[in-house]
Each structure stands twice: as structure tokens, then as C-alpha cells.
Amino acid sequence: MKSIIKYALILVFPGMGLAQVFNPQSKKVTETFFPEFSQEITTPAFQKKKGFTKYKEMMSFLQNLGSKHKNIMKLSFVGESQKGKKIPLVILNKTSTVEDKIKIWIQGGIHGNEPASTEGVLYLIQELLENPEYSQLLDKLEIGIIPMANIDGYEMQERTAANGMDLNRDQTKLTVPESIYLKQAFSDFNAEVALDFHEFHPFRTDYLQMGKAGYTVPYDVMFLYSGNLNVPGSLRELTENTFVKNAEKFLAEHQLSAHDYFTTSKDNGYTVFNLGSINARASATSYALSNCVSSLIEVRGIDIGRTSFKRRIATTFFIAVSYMQSAVQEKEKLRSILKEAQQENKDVIIRSSRKPTQKELDFIDLSTNKIVTEEVNIRNALRSKPILTRPMPTAYLILPSEKKMIEKLKILGVKVVQTQQPEKLEVENYIVTRYKKAAVKFEGTFEQTLSTENHSVTKDFPAGTYIVYTNQKNKGLVFETVEPEADNGFAAYGVLKAALGDELPVYRYMNSKLLSN
525 MKSIIKYALI LVFPGMGLAQ VFNPQSKKVT ETFFPEFSQE ITTPAFQKKK
575 GFTKYKEMMS FLQNLGSKHK NIMKLSFVGE SQKGKKIPLV ILNKTSTVED
625 KIKIWIQGGI HGNEPASTEG VLYLIQELLE NPEYSQLLDK LEIGIIPMAN
675 IDGYEMQERT AANGMDLNRD QTKLTVPESI YLKQAFSDFN AEVALDFHEF
725 HPFRTDYLQM GKAGYTVPYD VMFLYSGNLN VPGSLRELTE NTFVKNAEKF
775 LAEHQLSAHD YFTTSKDNGY TVFNLGSINA RASATSYALS NCVSSLIEVR
825 GIDIGRTSFK RRIATTFFIA VSYMQSAVQE KEKLRSILKE AQQENKDVII
875 RSSRKPTQKE LDFIDLSTNK IVTEEVNIRN ALRSKPILTR PMPTAYLILP
925 SEKKMIEKLK ILGVKVVQTQ QPEKLEVENY IVTRYKKAAV KFEGTFEQTL
975 STENHSVTKD FPAGTYIVYT NQKNKGLVFE TVEPEADNGF AAYGVLKAAL
1025 GDELPVYRYM NSKLLSN
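Residue numbering for the sequence shown follows the numbering used here, beginning at 525 and increasing consecutively.
These are computed hints drawn from the structure, not numbers from a lab.
List time: in silico DSS-like cross-link candidates among lysine-lysine, alpha-carbon distance up to 27 Å:
#1 K960 x K1021
#2 K1021 x K948
#3 K857 x K627
#4 K927 x K965
#5 K927 x K983
#6 K1021 x K927
#7 K769 x K664
#8 K934 x K610
#9 K894 x K736
#10 K927 x K1037
#11 K598 x K578
#12 K948 x K983
#13 K610 x K574
Using the sequences and the hints given, assemble the complete structure.
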């Protein structure tokens, strides 16, 4: 079956009631497409007949593993949740002859209603420590793991943190306490490969308005990796064509299905499918902009309880193992690309657009329990095009008044220095030519939309002016936060205050000569 999908999102089919809109996964769908795995798993959730791992159960599990593997596992805490629970960080680092181990960061549970993410990460820790088939990976890798990032949300099986904020929409504005602790820990670890495990909702409302009785997604897992054009092309290519492809092959060997991640949204009343990521506010792109191989992994699981739970945990585990194996196998290539990426000197991409196209996607037709193929309208972030660019400056100069910006840049792992004396310099300024403030808050913030013009000026800078050089590892995060038109930048979220006609307290230093500091 092939047809162009143009369903209005408000469309209601005759006879479709609420029970159908929120259609749970039937036994028939599970048995046909997602049969449960039989392997033994002894993580905390499997010590009881229902429910998921609680914080105390996780801590007991981790402390027990730590006491048995003191020479390999280090358990510490990066901060506290809003309700006062300590956020654990597990470091696995085995003594070996390899001195320059590749560093891999793994996170689970940033959304509290995605339980297989935390459970899968706990299973991974256990297998790396106690299964000889996988523990050998620790000879060549150092692994940092946050198993339950959003503890308060996880305890309630709710997506958001205790204050209602989404931690995976807070990666640049950094307003939630947990976000700050997690990002600082990530920056300190200095990862070369990063994975953030999630679960997706297989019965989105848009899917249930398709066909006679609705469709559902037929994949065990979907990969979200960045198409952001400030991530160097060689790094994007390595992520997509080596790490993701190798993982897909490994999953197929275990009869698990995969696809690039897509969601749906409204566009003039029609359903549009969005493929990939470009937004620095979420982990897939935020990690990549810190110059590492990055993927956000979406396992099929929200709102289906413990259905196929072992299968979901195994999927999480196999992907982590595959990324580790790829890192070991491609060590020289990985290091070379990361080094080249840091040295790359290209235009700053301030805004980009997703490439519109059409693509065939498979679904499970709930009326027939069979796979159907639909041709859909896609906005592809993995093939984005620039729409606003500027030449890359040697450095950004930020006035001493902007301490809040500097604090957040440092949490993002950006290196900042200060001038020791006043200096007159030729720079480019930013003059606000268009300004709009949103009427409704997004994640606790009234967003600002700016347009600016640059003018060459000679300006007196006071002692204590901040210098942010662009020849550093995390320069992509600098571009995405400091440039005032950036969709997820400090200006957008009000960290950088602005008004029509303002000269912003940020300047572009274009001279190749480094400044004294």
C-alpha cells in the first residue's frame, strides 16, 4: 500500500473514540512484531513482578556492584535532584596497558517516563563488570555513566523534573538544577563518544488517525543524531555511516529492527514528519557540538508498561556495546576526525532549514496486523541547508557585565579568559534591527527573536572583558549560544537581554592576532 499522507491533524474518523486514540499495544502486535526475549536479567525491576526500578533499589544495586569491583567501578554524585536525591555517576575504568583510552559517556533516565533507558543502562553496567564477553571492552575504554538523570521524574514515572521542566530542552539555557549538574559532569568527563538513551511513544495520536484503525511504528529502536551544520561534516558522516550503521547491523543479528528517528508535527493542518535533529537545546546536538560522536537512542516503549521489557533492555544494551566496539575499532579515525574538527575554520551557521522531501516509511496497520508502506512528507534535518551565516571570528568579546552568560558557557565546557587591562580594539558589533518577544512561555522562558546587523567599529574594552576564542573543542556550542539569532541561544532564552536598536554587549574580533590576557 502506497499513498501520499496528508491527514489533517484534527480529523476524526467515524466511530473513533478515545479508547482508539490512545490504543495500547495489543497482544497480537507484540507476538507478531515484538516477542519478548528469554534471556535472564537480574536488574532491580526483575526482582519484582510489577513496576520499575526505584531510586533506592538502583542505589543498592550500584553499591553492591561497586563493593565487588572496587578496582574498576567508582561511584560518585554530581549533584542533587530538586527533591534532594543524589544523582549518581558511575565511572568504569580498568587498569590496563592502554593509557589513552577512548572516553564514552552514557546517560539514561533524563525523561522519567522512559523506564527501559535506566534499566538498560543498569544491565549494561552489570554486564561490563561481570560478563567476560563484554568486560574486555574496559581494557580500551573509560566509561562515564549517569543511569538515572531525572530522579524525581523517574520516581513518579513522569517525563519532566519536579518543577515541570523538560531536562532535554534545557541543554543551552541551563535553568534547571539537574541540567546544570549533568552538563558540568559531561563537560568535565570530556567524552569522545556520547549516548543518551530514551524511549519513544509508538502510538502517537497522528499515527492513530491513519488507516482504518490506526497505525503504529514497526521499529524496536530509532536513532537520533545531529544534522546541525556547526557539527563538522566529517564528524556527522562518521556518526551516521560508521557508528549508526554498525549498530543497525548488530541489532539485525539479534532480530531487532531500527530506523532513523522521526516525529510528527502540524503544518497548515497536515501531518509532517520530522527526521533528525538540529536543535542545540537537546542532547543529540548539544553533545555533538562539544566535538564528539553523539546519538540519542529512542527505544520503543512509552506507555506500554513492561510489555517486551527484556527486549527493550536488550536493545539498549546491544546499541551501547556496538558503539563501544566501533570506538575501539575506529580509534585512529575517530581521534583524527575530532582533531580536524577542532581546527576547522568555516562560516558560522546561525540558522538553517530542514530539507523538504518525500520518503517511504513503514508502519504496522492495526486493522490487519501487517506492515504497510506510506509515502510521507518529510522535513529532513540530516540534510539541512544554511539560511543565515557569518564568517567565523577569531574570538567573541563579551563585556564584564555578562557574568550569567559566562557562567553558562563554562558549564558547557567552553574555555574563557579575561583581559587584564583596558584595550582599544577593532571589532564588529551587533545592532538589533528586529525584536519580538513571545507572549507565552516555553519551558519557563519568554523566548526572544532577534535580527541584527554587524558594523565595524573601534571600541574601548575595559579590563575584565571576557575572551572566547573559537579555536577550541567546544566552539560549536559557542556559535549556538552566543550568536544572537541562534534559535537556541542565550538571546533566544533571555540570558542575553536585548531591545530594538540596542548594541549588544557581545562583539566579534576578526583579527587573526591573539589578544593578550
